[in-house]
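Generate the whole structure from the sequences, applying the supplied hints.
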Amino acid sequence: MALRPHSASLEVKDLACRRGGRLVFEGLSFAVASGQMLVLTGRNGSGKTTLLRALARLGRAESGTIAWQEADIAWLGHLDGLKGDLTINENIDVAERLRGVVPARARIDEALACFDLQKLAGRLVRTLSAGQRRRAALARVAASQANVWLLDEPMNALDQAAQTSLRQVMAVHLAGGGLAVAAAHAPLDVPGTRILELPA
Amino acid sequence: MIAFGALFRRDLRLVLRRPGDVVVVLAFFVVATALFPLGIGPEQNLLARIAAGILWSAALFAALLSLDRLFAADYEDGALDLLLLAPGALELAALAKCAAHWIVTGLPLAILAPAIGAAFGLDGLGLAAVAATLLVGTPTLSLVGGLAAALTLGARRSGALLALLALPLCVPTLIFGSSAIESTATGEGFGVHLAILAALALLAVATLPWAMAAALRQAGE
Chain V
0 MALRPHSASL EVKDLACRRG GRLVFEGLSF AVASGQMLVL TGRNGSGKTT LLRALARLGR
60 AESGTIAWQE ADIAWLGHLD GLKGDLTINE NIDVAERLRG VVPARARIDE ALACFDLQKL
120 AGRLVRTLSA GQRRRAALAR VAASQANVWL LDEPMNALDQ AAQTSLRQVM AVHLAGGGLA
180 VAAAHAPLDV PGTRILELPA
Chain C
0 MIAFGALFRR DLRLVLRRPG DVVVVLAFFV VATALFPLGI GPEQNLLARI AAGILWSAAL
60 FAALLSLDRL FAADYEDGAL DLLLLAPGAL ELAALAKCAA HWIVTGLPLA ILAPAIGAAF
120 GLDGLGLAAV AATLLVGTPT LSLVGGLAAA LTLGARRSGA LLALLALPLC VPTLIFGSSA
180 IESTATGEGF GVHLAILAAL ALLAVATLPW AMAAALRQAG E
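Chains as they are written, first to last, in numbering that gives the first Met the number 0: chain V, 0 to 199; chain C, 0 to 220.
Keep in mind that the hints were calculated from the coordinates and are not lab data. All values reported here derive from a predicted model rather than from experimental measurement. Fair warning: there could be bad hints in the mix.
So the derived list for chain C, only partly shown, Cβ under 7 Å to chain V, looks like this [as the list claims (entries may be wrong)]:
| hint | residue |
| --- | --- |
| 1 | Arg68 |
| 2 | Gly87 |
| 3 | Ala205 |
Below are the SDA-like pairs computed for lysine to any residue, each with C-alpha atoms no more than 25 Å apart in a straight line [to be verified]:
| hint | chain 1 | residue 1 | chain 2 | residue 2 |
| --- | --- | --- | --- | --- |
| 4 | V | Lys12 | C | Asp76 |
| 5 | V | Lys118 | C | Asp76 |
| 6 | V | Lys118 | V | Ala161 |
| 7 | V | Lys118 | C | Arg12 |
The beta carbon of each residue, even a glycine, is placed where N, CA and C say it ideally should be.
Written as structure tokens, this is what we have:
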């Protein structure tokens with residue numbers, strides 16, 4: 000993937016979030032700079048997804064501040080957001096247009112190649128396996144021009160080869176000045192990674 | 000506008016890939032209207048007199064039938080998050096989805112309804128009124144139903160709740176739509192009724208996308 004200019008940064012101060020009326024965490028403060036990835040770990044229910052959604056402004060913070068600088072966010076949630084009755088190509092095309100960007104064919108092809116999806120690009124998503132589907136969703140993120148990637152359990156359903164591909168793509172994203180925050184049960188083993196373990 | 004067009008085309012493409020959803024709506028409309036002659040008898044004058052109310056009520060129920068999936072599919076597969084994160088206005092996204100819904104339900108209903116109206120014994124002017132009022136009135140049904148779909152997103156028994164919310168709000172459209180058809184029986188024109196239906200549709204376009212967007216943001220949290 001080609002390098003491109005990035006300058007995003009994130010600063011979180013004294014953050015508290017609720018889910019279902021329960022305070023899942025409070026007093027959380029951290030910062031992530033351009034070229035870094037923060038991996039959120041913790042036990043089930045510790046609030047990894049809640050924090051990730053709050054960072055994306057998809058969830059509401061109880062208190063505290065989330066300050067983004069120059070952030071253009073690409074999102075991969077626990078649910079991948081892919082339409083089963085569209086092909087991988089069509090899903091990526093629509094996602095780019097929803098971001099207000101005219102899709103760049105070369106960039107999409109490059110992203111598909113990174114996740115070994117060239118031969119599957121014309122297949123309907125509902126005919127794919129769970130792992131292939133996850134790779135398609137990751138290719139959608141990689142194809143975007145976004146400088147911030149927010150990923151919820153990106154390694155879910157991936158085989159060893161796909162995990163290696165993700166590490167390589169992530170390394171290039173960070174080397175290009177990108178920023179990433181990922182919720183995961185295990186570290187992603189990418190240079191520039193920091194880990195934030197949420198209390199149970 | 001790139002996002003509006005993309006979402007509109009995406010929803011149309013999804014329907015074309017699964018045309019069964021539209022066929023069910025149209026089949027419901029035909030079956031529901033066909034039940035009345037079976038229930039009250041084949042007396043042509045009576046059927047022609049009540050045709051307006053039957054056609055408009057059946058069109059309303061048929062349109063609502065497909066509305067509970069308007070945002071639910073995006074909510075269930077995570078695509079709603081992409082809409083919420085998109086830099087474009089969520090109001091336009093909601094409008095695009097309602098426009099696509101109208102193309103695949105309201106428009107076919109407006110085309111099909113005159114054929115049913117002819118079977119009920121409506122004359123030429125009455126059939127024109129059926130087509131014209133449904134053409135102008137069904138966008139309001141899609142928008143009002145879209146608001147109800149957004150408000151009931153994630154709720155249990157959302158289909159029943161949607162109907163409870165949307166049906167009262169559709170009453171003005173139903174009244175002016177059916178009275179436009181009835182007015183042709185006395186030789187009056189239906190221009191005024193059509194203008195009121197158009198005004199209701201414009202009012203819905205001007206206000207409901209904002210309410211839908213607010214409800215979708217609430218559902219996304």
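For each hint, the structure was consulted:
With a cut of 7 Å, the hint placing arginine 68 of chain C at the interface with chain V is violated, because the nearest CB-to-CB distance is about 13 Å. A least Cβ separation of about 6 Å between glycine 87 of chain C and chain V falls short of the 7 Å threshold, and the interface hint therefore holds. Hint status for alanine 205 of chain C relative to chain V: violated, with the closest Cβ pair at about 23 Å, above 7 Å. With a C-alpha separation of about 32 Å, the suggested pair lysine 12 of chain V and aspartate 76 of chain C falls outside the 25 Å cut-off, and the hint is violated.
Taking the CA atoms of lysine 118 of chain V and aspartate 76 of chain C, the gap is about 24 Å. The hint holds against a cut of 25 Å. A distance of roughly 15 Å separates the Cα atoms of lysine 118 of chain V and alanine 161 of chain V; the hinted pair therefore holds under the 25 Å criterion. For a cut-off of 25 Å, the pair hint linking lysine 118 of chain V to arginine 12 of chain C stands: about 22 Å separates their Cα positions.
Checked against the numbered hints given earlier, this structure breaks hints 1, 3, 4; the rest are met.
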